[in-house]
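J.: So the sequences go chain by chain: A and B.
Start counting the first sequence at 1; every next residue gets the next number (the working numbering).
Start counting the second sequence at 1; every next residue gets the next number (the working numbering).
Hints were generated in silico from the structure; no laboratory data involved.
The C-beta atom is built at its ideal place from N, Cα and C for all residues, glycine as well.
One or more hints might be untrue.
[What the hints assert, rightly or not] To be clear about the criterion: a stretch of chain A counts as covered by chain B if any three or more of its residues have a C-beta under 8 Å from a C-beta of chain B, and this derived list gives those stretches:
no., segment
1, 64-71
2, 89-98
[Said to hold, decoys possible] From the structure, some residues in chain A lie toward chain B, with a derived Cβ separation under 10 Å:
no., residue
3, Pro52
4, Asp76
5, Leu78
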Amino acid sequence: MFSTRALAFSACVLLLCAFVRGGAVQARGQGRGDSANLERRTSAVASQLRCPVCQGLSIQDSPSELAVQMRGVVRDQLAAGRTPEEVKQYFVEKYGEWILLEPEAHGFNMLVYVLPLAAVIAGAAVVIVAVRRWSRPAPS
Amino acid sequence: MNWRRALIAGAVAIPIIGLLRFGLTRDPRAIASPLPGRTAPAFDLAVFASGNGTFAPTRGERVRLNDLRGNVVVVNFWASWCLPCRDEHAQLSEMSTRYANRGVRFVGVVYNDVTANALRWIDEMGGQTYPALLDPGTRTAIDFGVYGVPETFFIGSDGTVASKFVGPIPASVLQQRIDSLLVAPVP
Numbered sequence: 001m002f003s004t005r006a007l008a009f010s011a012c013v014l015l016l017c018a019f020v021r022g023g024a025v026q027a028r029g030q031g032r033g034d035s036a037n038l039e040r041r042t043s044a045v046a047s048q049l050r051c052p053v054c055q056g057l058s059i060q061d062s063p064s065e066l067a068v069q070m071r072g073v074v075r076d077q078l079a080a081g082r083t084p085e086e087v088k089q090y091f092v093e094k095y096g097e098w099i100l101l102e103p104e105a106h107g108f109n110m111l112v113y114v115l116p117l118a119a120v121i122a123g124a125a126v127v128i129v130a131v132r133r134w135s136r137p138a139p140s
Numbered sequence: 001m002n003w004r005r006a007l008i009a010g011a012v013a014i015p016i017i018g019l020l021r022f023g024l025t026r027d028p029r030a031i032a033s034p035l036p037g038r039t040a041p042a043f044d045l046a047v048f049a050s051g052n053g054t055f056a057p058t059r060g061e062r063v064r065l066n067d068l069r070g071n072v073v074v075v076n077f078w079a080s081w082c083l084p085c086r087d088e089h090a091q092l093s094e095m096s097t098r099y100a101n102r103g104v105r106f107v108g109v110v111y112n113d114v115t116a117n118a119l120r121w122i123d124e125m126g127g128q129t130y131p132a133l134l135d136p137g138t139r140t141a142i143d144f145g146v147y148g149v150p151e152t153f154f155i156g157s158d159g160t161v162a163s164k165f166v167g168p169i170p171a172s173v174l175q176q177r178i179d180s181l182l183v184a185p186v187p
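Could you build all of it, start to finish, from the sequences and the hints given here?
T.: Structure follows, in structure tokens:
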């Protein structure tokens, strides 16, 4: 009788332990998942921000001390619940639009997007006109 | 049809010359700060060197920008490894003493440096007349949009950033910028 009770008690304790451990492992796994997700989001935002002490590198790609610290700011702000747009806006407020590797498509910045297209169209027009002129039969 | 060729050449060359003129007359490393005209980023930093001026909070005490409201504040970002910082140190110390009784507070914020090196540097420079503050993780520097040292910010008594100077600041510029923030300049 006593041994049956003891067995039942031991089984309950073991089950409880297994349950608690399983929960902890799941929480750790979730923690790792959250951390990996935060790193992914940090890297996505950091790739869009220009390193102020480098030549055309993002703060994600630069090994400089300032870039590392700026990545830390990105990570902290994302962890605090700010959206990627809000984090980018924070850096724009501190360093101006210069900090964005891809300038926003508005105002004077539109030139960056429109000029290459205009140049291609103008070039194509020149080529077409020239080819037509060359292929025209010479006047007899 | 030479005039047509000249017109086309002009139409192509003038914008290119304009672009070159725009690009070649600018410092590619300079980043225009959006801060002037805006409220200065608040900071709350620990003192690691009190300085020997009238505004000398003790080591470990915290200096908050909000507590300095009502004063003109000159915030200088510097480092012991920064050679140009040596060139401006004397005038910063001198002006800090000169304007101490005029409601002007100077603070030095150390940028990416080791405290021991910064303390040694201050000693080597013969001390300084304003407190030096630690900026862990360079958070305050990033808040001010700093991208190198030295950089000096001038904050009006209402807490608004008036201007920023990049590089070793000459005494005349320092004086002129402070005077412009005070009602009456120092004689």
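J.: Closer than 8 Å Cβ to Cβ for three or more residues is the test here. Does the segment 89-98 of chain A pass it with chain B?
T.: holds (count 6)
J.: Does the closest beta carbon of chain B sit nearer than 10 Å to the beta carbon of A/Leu78?
T.: violated (15 Å)
J.: In terms of beta carbon proximity below 8 Å, does the segment 64-71 of chain A have 3 or more residues touching chain B?
T.: holds (count 4)
J.: Would you settle whether the hint for A/Asp76 is holds or violated, based on the nearest Cβ-Cβ distance to chain B being less than 10 Å?
T.: Since the shortest Cβ distance to chain B is 9 Å, the answer is holds.
J.: Can we keep the A/Pro52 interface hint, with Cβ of chain B closer than 10 Å?
T.: holds (4 Å)
In this structure, only the earlier hint numbered 5 is contradicted, and the remaining ones agree with it.
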